[in-house]
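Novice: Generate the whole structure from the sequences, applying the supplied hints.
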Amino acid sequence: MLYAIGDVHGELELLDELLEKLSPGEGDRLVFLGDYVDRGPDPRGVVDRLLALRERVPCTFLLGNHESMFLDFLGFRGDRYFGGDAFLTNGGDRTLASYGWFDALRTGEPFRLPEAHRRFFEDCVLWHEDGDYVFVHAGLAEETLRSGDVHWALRRSRPEDLLWNRTTGDLPHKLGVTIVYGHTPRHDLQVRWNPPFSIGIDTGAVYGGPLTAIRLPDETLIQTRARGRV
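In the working numbering, the protein residues as written are 19 to 248.
Everything labelled a hint here was simulated from the structure, so no lab data went into it.
Computed from a prediction, not measured in an experiment: that's the story for all the values here.
Take these hints with a grain of salt, some might be off.
What the hints assert, rightly or not - Okay, the calculated beta carbon distance ranges per label pair:
no.	residue 1	residue 2	range
1	118	161	39 to 49 Å
2	205	235	17 to 27 Å
3	73	164	38 to 48 Å
4	104	226	17 to 27 Å
5	165	204	25 to 35 Å
Even for Gly, the Cβ is constructed at its ideal location relative to N, Cα and C.
Specialist: And the structure:
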């Protein structure tokens, strides 16, 4: 079976609960829609768990806007460096704390992101195609949605569209596939938010909602407990 998993945001306990419910095994494929870090209590633990998971189950990891900000903050992408204040005010302080960045700052020791984690972040992809589904973190460029050519639409969309867009779920398109995305948390999740064109599965786990996966192609939702919205 094919499963897509929404934004985890450092919620390791919910990730473990969801994986226990999914119990992925032989023949299963998992697509994670990005935003593994920031805001939640254990971003580093989430990445550790995902690294272990891909050793036994085929996994695709999409880049989220929060991973993009983290890489920019650490200076891994040259002139695309993302300013510190913006990263920190978007929950980046939780990620830095989980990796010991503040400890290194206090002691004056050089900070080093674990090499396996650096490779994980740098290897995350901007989109993934599987049969009649296209997976993105946020969305596609609005002007591409009526093109009728999904491959052109993906190539035409800038990283900023794929990582930050918040309109794809509300707009019709003619791309001949179903777009599955995260990024924009919704309280009133609908499997086909914009039938039959797009499915948004970020249910705000880090804000007290459940962590959500969707099984495809039957579009069955699998969710953790919700802990109450804050």
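Novice: State for each hint whether it applies.
Specialist: Each hint, compared with the structure:
Checking the proposed 39 to 49 Å range against residue 118 and residue 161 shows it holds: the Cβ atoms sit about 43 Å from each other. Remark: the range hint 17 to 27 Å for residue 205 to residue 235 is upheld by a beta-carbon distance near 26 Å. Distance hint check: the CB atoms of residue 73 and residue 164 are about 41 Å apart, consistent with the given range 38 to 48 Å. At about 24 Å, the CB distance of residue 104 to residue 226 agrees with the hint of 17 to 27 Å.
Distance hint for residue 165 and residue 204: a CB-CB separation of about 26 Å, consistent with the stated range 25 to 35 Å.
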